[in-house]
Every structure is written in C-alpha cells, then in structure tokens.
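Turn these sequences into a full structure, and let the hints steer you where they fit.
Protein chains: 2
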Amino acid sequence: MEQNKQFNIDNYSCPIPITEYDKVMMAHGGGGTLSHQLIEKMFLSQFDNELLNMQHDGSVFEIGGERFAFTTDSYVVQPIFFPGGDIGELAVNGTVNDLAMCGAEPIYLSAGFILEEGFPLEDLWRITLSMKKAAERAGIKIITGDTKVVDRGKGDKIFINTSGIGKVYPGIEISPKNCKPGDVIIISGKIAEHGMAIMSAREGLEFETAIKSDTLPLNLLVSAMLKVSNKIHVLRDPTRGGVASTLNEIASSAGVGIEIDELAILISEEVRAACEILGFDPLYVANEGKLISFVEKDDAEKILMAMKNHPDGKDAAIIGRVVSEHPKRVIMKTSIGSMRVVDMISGEQLPRIC
Amino acid sequence: MEQNKQFNIDNYSCPIPITEYDKVMMAHGGGGTLSHQLIEKMFLSQFDNELLNMQHDGSVFEIGGERFAFTTDSYVVQPIFFPGGDIGELAVNGTVNDLAMCGAEPIYLSAGFILEEGFPLEDLWRITLSMKKAAERAGIKIITGDTKVVDRGKGDKIFINTSGIGKVYPGIEISPKNCKPGDVIIISGKIAEHGMAIMSAREGLEFETAIKSDTLPLNLLVSAMLKVSNKIHVLRDPTRGGVASTLNEIASSAGVGIEIDELAILISEEVRAACEILGFDPLYVANEGKLISFVEKDDAEKILMAMKNHPDGKDAAIIGRVVSEHPKRVIMKTSIGSMRVVDMISGEQLPRIC
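Taken in sequence, the protein lines are chains A and B.
The first sequence stops at residue 489 when you use my numbering, and every number in between is there.
The second sequence stops at residue 489 when you use my numbering, and every number in between is there.
Please keep in mind that the hints were generated in silico from the structure rather than gathered at the bench.
Among the hints, erroneous ones may be present.
Chain copies aren't distinguished; within one or between two, either way the pair holds.
What the hints assert, rightly or not - Below 27 Å or equal to it, Euclidean Cα-Cα: the simulated DSS-like pairs (lysine-lysine) are:
1. Lys312 to Lys276
2. Lys268 to Lys449
3. Lys267 to Lys158
4. Lys276 to Lys176
5. Lys276 to Lys302
6. Lys325 to Lys437
7. Lys176 to Lys267
8. Lys158 to Lys268
9. Lys289 to Lys347
10. Lys158 to Lys289
11. Lys347 to Lys268
12. Lys347 to Lys267
13. Lys362 to Lys443
14. Lys347 to Lys176
15. Lys268 to Lys463
16. Lys176 to Lys268
17. Lys432 to Lys463
18. Lys437 to Lys268
Right under this line is the structure:
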C-alpha cells in the first residue's frame, strides 16, 4: 500500500476565493455567514457522508437498532472565569446540550485539554472541580481524556474540547426537516445572558451589573418535555449568533418561513441595559442555558406547561410560529407593531464567547 | 435547583504541591512522570468512575450487549507540515489507532478545529484534504465537527481535536490486566521515525535526511492479527514517550516484569544517525504507525506471521517477553550483552510531537 504523503494540492483548488478572505478571520468562528461558508466549502465538501453534520448540534447514527448521538465542541471562551461560570462548566454543559438538542440522553463525555505553559495549576484545579460538578448535575460520565501542553504564547491559558455520546430517546424524530407551517416556537427563558456576562467581564463592568451566564445542562428540561409529548420537531440551543442566527438556520434548512413576536421574547432589565450600553442586539447574543423548540401546534400548550413546571424552563414562552409565507426568512413583529426582517449575523459579533 | 456557581475551592486543596511545580510546564504534556502525576492527581481523582481511562488509549463501555470504544486526542504538533505527513493526517490516524489499540474497529470520528486568526485558508484546505484521505484509508467517517477561531498570538496556526467511536471485536479482551509471565512482546516495525522526522524538520535537517514520519492507521493490521488469534492481551501504540514509556506503563499497570532485547528492536540507519546527532535515545522517541502487542506464547508465531504478511507490519519482530521477576520494571539486554533498567521518561523529551 503506497502512501502518497506528498499530497499534491494543485489538483484541488481551495474552494474559498483567494481574495481578502484568504486567511482565517475572527468572524470565521463567529457562527455567522463566514463561519457557514468556511464549514460548507471547506469541510462539508470533503468530509461528505450521509451522517455528517458540522453545522448543528450533533450527528445521529444507529448501531444494533439503538440510535446514538455524537457531538464535539472546543471551548476557547475568554475570560476563562466569568460571572456565573467558567470554561470547565461551559465545556460540560455545552456538549451535554448539543446531545440534548439531538433528542438524546447524554451518557459519556471525553475531555481534551490544551494547556499553555505557565498556566497556574490552581486554576486548572478549579476548572477540574467545576467540570466534575457540572458532569454530576447533568448525569454524564467523563470516561476518556487527553492533555497537551503548548509553549507560552502559543495558546491562551486553557482550551478544552469535549465530545459526547448520548442515546436518542425512542419514538422521537428531531430534525428541521420535520418542521412545518403551523408549528409553534417556544423558548425556554430569558435571552442573551451568557453573551452579556462575558462582555461585561471583558469590559470590566462585572461589578456594576448582576448579569450572570445562564450556563446550564438542558437535558433534564428536554427529558421533562419528552415525557408529555413526542411531537417536538426541532430542538436547538441558541449559542453563537444567538436566537436570530438559530432561527435563520432552521428556516433555511427546513425551507419554511418563521414569524416571531418581539414582545414575547423575554430579556432581563440588566441584560437589556448592558446591550444598550455596549451596542449589541440581544437577538444575536449567545445563550448557554436556553433552548428553542418547534412543536406540533396541538401539543404546544402541554409542552409549554411542562417547561414552566421545570426549574430550568420556568420562564418559557411561545415566541412565534412557522408559516408558509416568505420561506427561509425570519420576520419579527416589533414592539411598535411594524414588521422587520431578522437576518443571519454576518461577521463576528462576539468572538470567543464559548 | 440552586446553582452554586461561585465554587469555593478552599474546600478542595489542589493535589499538586504548590512548589516549583505550581504552573503548567511543557513536561506536563510530555507523556512522562509529570504528565502521569498531573493526570492522576488532577483529573483521575475527580472524574473518578469505573470506565475512566485518561492515561491510555481509550475507554470501553457496553450498550445493549455491544461493546464500544471511545477516545479523544488533541493534536498540537509543530511544525504542522512535516516529512511524511501533516497535522490533519496525524489527527485522523492517531485517534483511529487509539481505537484500534482498544481492539475496536473504528467507525466514527469528530473533528474540532481551533484556528489562529491569520492562518492561511490554503493551508487549512491542504489539511482538510489530508484528513479526508486518511479517513478513507482507515475506513472511518468524520460525522461531526466544530470550528473555533482565536486571536492572533493566542494559538499556533491550528490545533485539531479528534474523538472517535469504535466497535470492539467480539470475543477479545484487550487489557494490561490480562498480560502474564510468558507472554511474548511483538513490535510491528522500526522505531522512532515520527519523532525524528519532526525533530529533523525543527532543526532544519529535513533536506539532509530521508526520515519520514511513520504515521499510519493501525486498524487494518490489528484486524489481520485478530483474524489469526484472539489471544492478544495488550495492544498499545508507543507514541509520546516512545517504546520505553509504553513498556513501563504496561509493566506498572499489570504488575509484571518485562525483558526486552536491544538487538531485536529495529531502527533504520538514518534514524539512528539522527538520534545520535541530536542526542536522543530512540527508545524514548515517538512513533505514530507502530504497535506493541503482548500475546499468548503459543500463538506468538502465528500472530507474528500475520503481521509480517501485512504491508503495515512487514518489519514486525519479537522484542521480548513478560517475566515474573522484577515486577513493574523493564530490563533490557543491551547490544553488548549487559542488562540495563529502562525507566519511564521523566521530563519532556520532545514537546509538541503530536
């Protein structure tokens, strides 16, 4: 078996035009248009297979009649300790949530650490304890790991990759493909808290505001929802790019229109004020403990009640519905009654938010 | 459910003494004594569960009567393109090999990228194509992924995490626990090639030597071995820390003694010369396409033949055996006939080798 190690790239031209975008920019990791372009043209075109899913939360496969979900995320959040959490808790919850959004019960987690030379072991210890606690809360076991160290100045304190395996609940089918006009859109709580907690910390505002990250494992809430109905068509946690980007992704992949009502979307006063001060639209700010679900109209009330009765969904609210008009577009009825198109975020709004 | 996010670490003192070792050092990632100390005291003590395995190649669990292997590795090799391969090929093969060393057929892979702002997209494209090719060769599918970007100077071009899922072959039990006095130790080929290829590239010697990395997926070879015998007790690929560290880890976790014969361990002339010039002991230099197996004496000849008949094991050789004397120690009969203790590597020999 001859290995042609000297790969000749001349036979494969790079699919992203070599113009001003010939280098990686922060926005390539921002969850918006450039991120999508990079993933589609670079990775999806080559790693092509029927299961591949690099855009959304995870991939589902079947072995021996059992359906499993598999997902991965690297966490590079800065600062690593922030109001309401730290990179370790986020790394556990984030991957737990990706599994939960596949309709899976999280079972096993891996942890891969990239440490920068000089990183205090005391901080690593805090992060380790925080991961342990988060894993216990979510009911997931960390069963395999890896540790690498890079030279000072070649990393940034600590990066953590977590990959997760979950077992998909039987009898459900979570996929944008299933969403159809008439479906009701429910969000599990107030938005934009994680992003604004991070931004407050970066801007040195954390002592002036009470904003804390909402980082939370969502699998317990999902389990409560599935107990009352299996007519849940889509589950998604609006992280990078916020509620606006998530709704756009779903509208686009399902080929449906989405209508939302601005007044129905809850935002705390502190978060609203911080967004105004720092110039952010809360619809585009990351959440780390909220989910958006698209559910069959007839079961919407029942599911909403199950969410409100759960501590992790007590502020749940119906925020909109799927329509057959304006396919692939998200339209919002604003607080003053006008209609506004809510676009996909294009550049980077908040780098290194997770 | 009240979340105590302000974790009080005072209740949990850091298990590594706050002395000169209170910060992460390169050697914490070198695969030697400090790496083991960090993993044991920091991670294993907290992520404690019956499946956890952060030291070796992966973790094995059972669902619905089926055994699966799960493993993760982050790749931070420097340089990212080196003689015989690149970080992308290494990231696929390395995780494929970790699964193979669990006695599992690799099935699915995740890919998590941490890109540094400014990294040329053309290089990312080369790496992507290389991963595609490596995945095809090993017969594994990349089904989920993640992309993060960090600011210029906060990363080093590209880090890749791959996590893998495999199905353990039925009827076999690969574990150091099974190795016993009398077992025969076989290595699949010449040693120290990957490490010396990387070092040659770093030292600017790559045009003077023909040394290429041996990066290779080992699952095809393992499959050929298991076809002729299921009496394979241990499989391990001697990566970070090389053959010496791997044998020490096995001796230590199995509580057995190991005897090896220096003359039986094959090293190419180029690698031997490079080791001499650069001052490395080849026994401690990383391999990325070799495996060490501990097999039942009666089946050793049969397994060796199966390896030699496979292109990925054509230079396979018996290098030693398990003994009841000197438990937990590795003793080598040197080329001049004397006996020498082969210790675990203590510091960093080769940082960022994978």
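Here is how each hint holds up against the structure:
no.	hint	verdict
1	Lys312 to Lys276	between (31 Å within a copy, 23 Å between copies)
2	Lys268 to Lys449	within (23 Å within a copy, 48 Å between copies)
3	Lys267 to Lys158	between (38 Å within a copy, 21 Å between copies)
4	Lys276 to Lys176	between (35 Å within a copy, 18 Å between copies)
5	Lys276 to Lys302	both (13 Å within a copy, 19 Å between copies)
6	Lys325 to Lys437	within (20 Å within a copy, 65 Å between copies)
7	Lys176 to Lys267	between (37 Å within a copy, 14 Å between copies)
8	Lys158 to Lys268	between (39 Å within a copy, 23 Å between copies)
9	Lys289 to Lys347	between (30 Å within a copy, 25 Å between copies)
10	Lys158 to Lys289	both (18 Å within a copy, 16 Å between copies)
11	Lys347 to Lys268	within (18 Å within a copy, 44 Å between copies)
12	Lys347 to Lys267	within (20 Å within a copy, 41 Å between copies)
13	Lys362 to Lys443	within (14 Å within a copy, 56 Å between copies)
14	Lys347 to Lys176	neither (36 Å within a copy, 31 Å between copies)
15	Lys268 to Lys463	neither (40 Å within a copy, 35 Å between copies)
16	Lys176 to Lys268	between (39 Å within a copy, 17 Å between copies)
17	Lys432 to Lys463	within (20 Å within a copy, 65 Å between copies)
18	Lys437 to Lys268	neither (32 Å within a copy, 49 Å between copies)
Taken one by one, the earlier hints fail for this structure at numbers 14, 15, 18, listed in ascending order.
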